[in-house]
Amino acid sequence: MEKHSKIYVAWHRWLVWSALIRNLEKEGYSNLIFRTHTELDLLNQRAVEEFFQAEKPEYIFLAAAKVWGIVANNTYPVDFLQDNLRIQMNIIESSYKNGAKKLLFLGSSCIYPKLAPQPIKEDYLLTGLLEPTNDAYALAKITWIKLCQSYNRQYWTEYISCMPTNLYGPYDNFDLEKSHVMPAMIRKFHEAKMNNLPSVTLWGDGTPYREFLYSDDMARGCIHLMMNFSPTKEQNEKWDIFFNLGTGKDISIKELAIMIQQIVWFKWDIIWDTTRPNWTPRKLLDVTRIESTWWKYSIELNDWIQMAYEWFLENY
Numbered sequence: 021m022e023k024h025s026k027i028y029v030a031w032h033r034w035l036v037w038s039a040l041i042r043n044l045e046k047e048g049y050s051n052l053i054f055r056t057h058t059e060l061d062l063l064n065q066r067a068v069e070e071f072f073q074a075e076k077p078e079y080i081f082l083a084a085a086k087v088w089g090i091v092a093n094n095t096y097p098v099d100f101l102q103d104n105l106r107i108q109m110n111i112i113e114s115s116y117k118n119g120a121k122k123l124l125f126l127g128s129s130c131i132y133p134k135l136a137p138q139p140i141k142e143d144y145l146l147t148g149l150l151e152p153t154n155d156a157y158a159l160a161k162i163t164w165i166k167l168c169q170s171y172n173r174q175y176w177t178e179y180i181s182c183m184p185t186n187l188y189g190p191y192d193n194f195d196l197e198k199s200h201v202m203p204a205m206i207r208k209f210h211e212a213k214m215n216n217l218p219s220v221t222l223w224g225d226g227t228p229y230r231e232f233l234y235s236d237d238m239a240r241g242c243i244h245l246m247m248n249f250s251p252t253k254e255q256n257e258k259w260d261i262f263f264n265l266g267t268g269k270d271i272s273i274k275e276l277a278i279m280i281q282q283i284v285w286f287k288w289d290i291i292w293d294t295t296r297p298n299w300t301p302r303k304l305l306d307v308t309r310i311e312s313t314w315w316k317y318s319i320e321l322n323d324w325i326q327m328a329y330e331w332f333l334e335n336y
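In terms of my numbering, the sequence shown opens at residue 21 and continues consecutively.
Because the hints were derived from the structure by calculation, they are not lab data. One thing to keep in mind: the hints can contain errors.
To be verified - Okay, derived cross-link-like pairs now, BS3-like style, lysine-lysine, Cα gap no bigger than 25 Å in a straight line:
1) Lys141 with Lys23
2) Lys121 with Lys23
3) Lys213 with Lys166
4) Lys121 with Lys166
5) Lys121 with Lys141
6) Lys198 with Lys213
7) Lys287 with Lys274
8) Lys316 with Lys141
9) Lys86 with Lys198
10) Lys198 with Lys134
What the hints assert, rightly or not - Label-pair restraints from in silico Cβ distances:
11) Ser50 with Val98: 38 to 48 Å
12) Thr227 with Thr252: 39 to 49 Å
13) Asn64 with Gly119: 46 to 56 Å
14) Met247 with Asp225: 35 to 45 Å
15) Met21 with Ile291: 41 to 51 Å
16) Thr227 with Trp176: 32 to 42 Å
17) Asp289 with Gln138: 54 to 64 Å
On a predicted model such as this, the values are computed, not experimentally measured, just so you know. No residue lacks a Cβ here, since even glycine has one placed at the ideal position from N, Cα and C.
Turn these sequences into a full structure, and let the hints steer you where they fit.
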């Protein structure tokens with residue numbers, strides 16, 4: 021991937037896209053193309069094909085997806101399965117037809133079984149039942165990994181995938197109905213503080229563990245793989261074409277809540293609503309495979325929650 025290569029970053033806003041654009045520009049890549057949803061509906065097969073015919077992107081970072089939180093995943097499974105499958109199919113087919121040199125797809129750690137052994141190796145894919153509240157979204161992502169492998173086997177393409185852990189950073193989604201755990205907590209604690217509430221109520225009992233990765237580290241990992249990894253025939257046959265992307269360290273939800281509580285300066289009580297589910301007890305990724313390519317995360321969680329809160333204050 022040369023500095024002048026035409027690079028398409030599929031999607032146009034939010035956490036992942038902004039981090040990819042920011043870090044590609046920082047590395048000196050200047051020929052970046054993207055479209056807003058108004059300019060290009062990725063669910064529209066004809067529109068996507070016409071875009072690829074006109075632009076002929078050489079390298080594609082596929083960050084586009086319908087991505088909301090657990091409540092939305094559980095409430096709208098048809099939307100999450102159908103829309104994500106359509107987006108992925110439209111882009112990969114057009115990428116192949118129009119001669120793209122390489123494609124990197126961003127998935128999610130939710131592809132793994134709910135009760136997978138810890139830490140979770142890539143080999144654990146499809147070895148057990150998925151978390152039922154987001155299985156539709158997970159199945160769409162698993163299908164994409166298999167589709168990348170199939171294109172590589174049949175057409176000798178270079179399509180690879182990353183499965184990042186929970187991400188946080190600038191341009192995160194703080195909508196309480198659609199956000200993930202960290203931005204939801206930040207907003208809840210902030211609003212409780214501003215409204216002088218005596219407590220904040222959080223779901224579950226706080227015992228599940230989660231791993232978090234700063235969005236710029238995710239972006240650097242994706243760029244690193246795009247530049248340095250090309251799957252061999254043996255790797256493709258073994259499904260060694262996708263990588264966990266994380267820190268290899270996790271924290272309990274209760275510890276995370278206390279950390280955010282201190283950063284927001286909310287001094288009152290946390291109430292755990294144990295009538296609400298905990299969901300998956302632990303999701304810690306094994307990052308041995310990605311670290312074998314000489315990539316490692318650089319930003320620690322406790323150093324950057326403060327920045328995430330400051331971004332929320334400035335933008336919300």
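Results for each hint:
1. Lys141 with Lys23: Violated - the C-alpha atoms of lysine 23 and lysine 141 are around 33 Å apart, more than 25 Å.
2. Lys121 with Lys23: At roughly 15 Å apart (the allowed maximum being 25 Å), lysine 23 and lysine 121 satisfy the hint.
3. Lys213 with Lys166: violated (46 Å)
4. Lys121 with Lys166: holds (19 Å)
5. Lys121 with Lys141: violated (28 Å)
6. Lys198 with Lys213: Judged against 25 Å, a Cα distance of about 22 Å means the pair holds.
7. Lys287 with Lys274: Cα-Cα ~16 Å, so holds.
8. Lys316 with Lys141: holds (16 Å)
9. Lys86 with Lys198: At roughly 11 Å apart (the allowed maximum being 25 Å), lysine 198 and lysine 86 satisfy the hint.
10. Lys198 with Lys134: Given that 25 Å is the threshold and the Cα spacing comes to 21 Å, the pair holds.
11. Ser50 with Val98: 38 to 48 Å: At roughly 40 Å between Cβ atoms, valine 98 and serine 50 fall inside 38 to 48 Å, so the hint holds.
12. Thr227 with Thr252: 39 to 49 Å: Given a distance of about 42 Å, which is inside 39 to 49 Å, the answer is holds.
13. Asn64 with Gly119: 46 to 56 Å: violated (21 Å)
14. Met247 with Asp225: 35 to 45 Å: For methionine 247 and aspartate 225 the Cβ distance comes to about 43 Å; the hint holds.
15. Met21 with Ile291: 41 to 51 Å: Because 50 Å falls inside the window, the suggested range holds.
16. Thr227 with Trp176: 32 to 42 Å: For threonine 227 and tryptophan 176 the Cβ distance comes to about 47 Å; the hint is violated.
17. Asp289 with Gln138: 54 to 64 Å: Hint violated: Cβ distance 31 Å, outside 54 to 64 Å.
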